[in-house]
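*Asks:* Chain order of the listed sequences is W and H. Going by my numbering, the letters in the first sequence line up with residues 1 to 299, in that order. Going by my numbering, the letters in the second sequence line up with residues 1 to 239, in that order.
For the record, the hints were derived by calculation from the structure and aren't laboratory data. Heads up, a few of these hints could be off.
[Said to hold, decoys possible] Some chain H residues well away from chain W (every beta-carbon gap over 12 Å; in silico):
id, residue
1, 22
2, 169
3, 173
[What the hints assert, rightly or not] If you want a taste of the chain H side facing chain W, the calculated C-beta under 8 Å gives, among others:
id, residue
4, 85
5, 98
6, 105
[What the hints assert, rightly or not] Think about it this way: if two alpha-carbon atoms lie no more than 27 Å apart in a straight line, the pair counts; the simulated DSSO-like pairs of lysine-lysine are:
id, chain 1, residue 1, chain 2, residue 2
7, H, 108, H, 58
8, H, 230, H, 201
9, H, 58, H, 112
10, H, 172, H, 8
11, W, 87, H, 58
12, H, 74, W, 83
13, H, 183, H, 112
14, W, 168, H, 74
15, H, 153, W, 192
16, W, 192, H, 108
17, H, 120, W, 168
18, W, 192, H, 74
19, W, 168, H, 126
Cβ coordinates follow ideal geometry from the N, Cα and C atoms, glycine included.
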Amino acid sequence: MTLDVFLQQLANGLMLGCLFALIAIGYTMVYGILRLINFAHGDIFMMAMYVAFFTITIFHIPWYISFIIVIVVTMLLGILTEKIAYKPLRKQNAPPISLLISAIGISYLMENVAIVLFTGRPKDFPQIPFFTSMTQLGPVRVQNLAIMVPFILIILLVVLLYLINNTKSGMAMRAVSRDLDTAQLMGIDVNKTISFTFAIGSALAAVGAIMWGMRYPQIQPLVGLTPGIKCFIAAVIGGIGNIKGAVIGGILLGLIETLIVAFFPGLSGYRDAFSFILLIIILLVKPNGLIGEKIADKV
Amino acid sequence: MKNTLEIKDLYVRYGGIEALRGVSMSIPEGKIITLVGANGAGKSTTLRSISKLVKPYKGSITYNDEELLNLSPKEIVERGIIHVPEGRHVFPDMTVLENLKIGAYLRKDNIKPDIEYAHKLFPILKDRSNQLAGTLSGGEQQMLAVARGLMAKPKVLMMDEPSLGLAPLIIKDIFSIIERVNKEEGVTILLIEQNANAALKIADYGYVMETGTIELEGLGSDLRNNDHVKELYLGRAAE
Ligand SMILES: Nc1ncnc2c1ncn2[C@@H]1O[C@H](COP(=O)(O)OP(=O)(O)OP(=O)(O)O)[C@@H](O)[C@H]1O
Ligand SMILES: [Mg+2]
Chain W
1 MTLDVFLQQL ANGLMLGCLF ALIAIGYTMV YGILRLINFA HGDIFMMAMY
51 VAFFTITIFH IPWYISFIIV IVVTMLLGIL TEKIAYKPLR KQNAPPISLL
101 ISAIGISYLM ENVAIVLFTG RPKDFPQIPF FTSMTQLGPV RVQNLAIMVP
151 FILIILLVVL LYLINNTKSG MAMRAVSRDL DTAQLMGIDV NKTISFTFAI
201 GSALAAVGAI MWGMRYPQIQ PLVGLTPGIK CFIAAVIGGI GNIKGAVIGG
251 ILLGLIETLI VAFFPGLSGY RDAFSFILLI IILLVKPNGL IGEKIADKV
Chain H
1 MKNTLEIKDL YVRYGGIEAL RGVSMSIPEG KIITLVGANG AGKSTTLRSI
51 SKLVKPYKGS ITYNDEELLN LSPKEIVERG IIHVPEGRHV FPDMTVLENL
101 KIGAYLRKDN IKPDIEYAHK LFPILKDRSN QLAGTLSGGE QQMLAVARGL
151 MAKPKVLMMD EPSLGLAPLI IKDIFSIIER VNKEEGVTIL LIEQNANAAL
201 KIADYGYVME TGTIELEGLG SDLRNNDHVK ELYLGRAAE
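Take these sequences, add in the hints, and give me the full structure.
*Replies:* So this is what it looks like as structure tokens:
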């Protein structure tokens with residue numbers, strides 16, 4: 001492999017990793033606050049892609065306005081799934097396993113609703129030249145996206161960390177994830193805080209979905225499955241509940257997956273298995289993930 | 001009665017366990033009221049019912065003649081009824097200062113004077129402002145929990161065993177601060193204590209709880225001299 005090709009693959013791997021990271025943050029945040037693996041997160045991601053498809057391709061709304069619509073609609077959808085699938089169970093003090101089953105249920109529901117509404121036939125995700133045209137970067141030719149995505153991730157991450165560490169809502173989130181009862185004694189509205197968490201996770205998934213759609217421009221109702229599982233793995237690898245961990249896990253996964261296939265083209269058929277192998281190795285060495293701490297079981 | 005926190009005939013059940021069976025108490029404004037009793041008597045449950053962490057299935061809790069039974073924990077805090085929970089429960093991965101700030105979560109006014117007041121009461125918290133609360137000693141965490149409760153500008157401060165696991169000297173400090181807050185700020189105090197003798201000493205009025213009911217009540221000084229109380233809770237036989 002020449003250096004040029006290596007750099008090219010590095011850029012691709014980094015982009016994929018940053019997209020994983022954007023989605024993984026949603027898993028980790030919801031886990032942090034509810035101790036729940038939100039299986040519907042991948043389907044929220046899928047729905048975001050369809051919203052983008054309809055606003056841009058069908059309704060011809062300019063992309064920058066469409067993006068805002070996609071983000072807002074996805075946030076609302078995230079809040080809605082929590083209200084429908086999890087809140088009633090939380091109110092009843094249901095055991096964790098019930099919440100998990102409900103998560104799987106709402107995930108299937110969304111996939112099937114998508115099949116009914118959008119049919120199973122793949123649709124072409126809109127290509128927006130501003131993002132999808134190619135740029136010569138030194139010896140490497142890449143899509144604009146490959147350059148933009150890491151910056152988008154950094155900007156969103158800075159905003160997110162500021163929000164969590166320096167605002168009242170962020171403080172409420174940290175309090176609720178640590179100690180639900182005591183958070184309530186401070187006057188924190190737990191339901192509002194949980195909705196807020198779902199909204200943020202979904203918004204990040206929406207941004208990820210838009211970029212993902214332009215990179216892999218075929219969408220169908222199960223398009224969220226594989227990214228969903230991989231990003232969940234990324235969150236676990238980094239240390240679930242930890243935002244920086246999710247980002248590191250995501251980037252690592254994207255790079256490893258892309259580079260292994262680049263170095264050993266014969267293995268490309270197994271590319272989806274690498275994430276699982278990496279997961280097993282890391283969990284054997286560091287059961288709490290790369291930078292995770294031990295979190296007591298709750299819910 | 002105006003400005004009184006009034007509990008009437010309260011019943012709480014945890015699954016099959018009847019934790020409270022008809023508890024009635026009155027906490028008048030500006031007083032220090034103490035609730036003592038053996039382990040598992042239902043003291044914490046009484047506080048948790050008032051702050052809405054558990055839902056009583058029968059009875060009434062009123063404050064300023066308003067029924068509180070169907071309010072949310074947040075609405076209780078909004079009314080100035082603040083619960084400092086048993087076992088400290090500071091937020092370990094927040095700094096000491098953040099813990100103070102989160103105590104004032106619902107307040108919109110300037111909290112600076114209150115932080116200064118908390119620092120005046122507990123100077124150690126000022127020195128440790130930027131330290132993570134989880135790294136404080138047990139006694140320091142207890143001080144932080146009390147200070148955090150004060151940050152809400154409570155009208156009624158309910159404290160669940162603030163002296164739990166502390167050295168005698170620090171217990172004395174905490175008790176004198178409770179008295180000070182009551183006298184200086186006019187905060188009504190509802191104090192749960194295992195340390196019945198010390199609690200009854202500073203209390204205007206006391207309640208003695210046994211397995212979910214109030215067994216005995218009276219002026220702090222009277223209860224301290226009550227033979228039954230002496231025998232059961234003050235650790236010395238009736239003379
Ligand atoms: N979450 C719960 N689930 C089931 N039972 C509970 C729960 N909380 C308390 N109980 C039971 O209710 C009764 C009263 O408990 P509570 O915590 O109010 O006692 P307490 O007077 O505060 O005791 P201590 O002095 O040990 O703190 C006990 O028998 C306890 O086992
Ligand atoms: Mg107790």
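*Asks:* Could you run down the list of hints and mark each one as holding or not?
*Replies:* Hint check results:
1. Distance check on residue 22(H): its Cβ is at least 25 Å (rounded) from any Cβ of chain W, clearing the 12 Å threshold; non-interface status holds.
2. Here residue 169(H) stays apart from chain W, with its beta-carbon at least about 27 Å from theirs, past the 12 Å limit.
3. For residue 173(H), the non-interface assignment is confirmed: its Cβ lies about 23 Å from the closest Cβ of chain W, beyond the 12 Å cut-off.
4. Below 8 Å, beta-carbon pairs count as interface contacts, and residue 85(H) has one with chain W at about 6 Å; its hint therefore holds.
5. Given hint, residue 98(H) at the interface with chain W, holds; its Cβ is 7 Å from that chain's nearest Cβ, closer than 8 Å.
6. Evaluation of the residue 105(H) hint against chain W yields a held restraint, the C-beta minimum of about 5 Å falling below 8 Å.
7. Under the criterion of a C-alpha separation no larger than 27 Å, the hint pairing residue 108(H) with residue 58(H) is inconsistent with the structure, at around 35 Å.
8. Using a Cα cut-off of 27 Å, the hinted pair residue 230(H) and residue 201(H) holds, with the two alpha carbons roughly 13 Å apart.
9. About 41 Å separates the Cα atoms of residue 58(H) and residue 112(H), which puts this hinted pair outside 27 Å; it is violated.
10. Between residue 172(H) and residue 8(H) the alpha-carbon distance is near 32 Å, which puts this suggested pair outside the 27 Å criterion.
11. With a CA separation close to 25 Å, the supplied pair residue 87(W) and residue 58(H) stays within the 27 Å bound.
12. Simply put, residue 74(H) and residue 83(W) have alpha-carbon atoms about 19 Å apart, close enough for the 27 Å limit, and the pair holds.
13. Taken as a hint, the residue 183(H) and residue 112(H) pair is honoured in the structure, with Cα atoms around 21 Å apart against an allowance of 27 Å.
14. Note on residue 168(W) and residue 74(H): the hinted pairing holds, with a Cα-Cα distance of about 15 Å set against a maximum of 27 Å.
15. For the given pair, residue 153(H) sits about 23 Å from residue 192(W) by alpha-carbon distance, which is consistent with the 27 Å threshold.
16. At roughly 18 Å between alpha-carbon atoms, residue 192(W) and residue 108(H) fall within 27 Å of each other, so this suggested pair holds.
17. In summary, the hint linking residue 120(H) to residue 168(W) is supported, as the alpha carbons are separated by about 25 Å, within the 27 Å threshold.
18. Proposed proximity of residue 192(W) and residue 74(H) is supported: the alpha carbons are some 11 Å apart, at most 27 Å.
19. Of the pairs offered as hints, the one joining residue 168(W) and residue 126(H) holds, with about 21 Å between alpha carbons and a cut-off of 27 Å not exceeded.
The structure does not agree with the numbered hints 7, 9, 10 stated previously, though it agrees with the rest.
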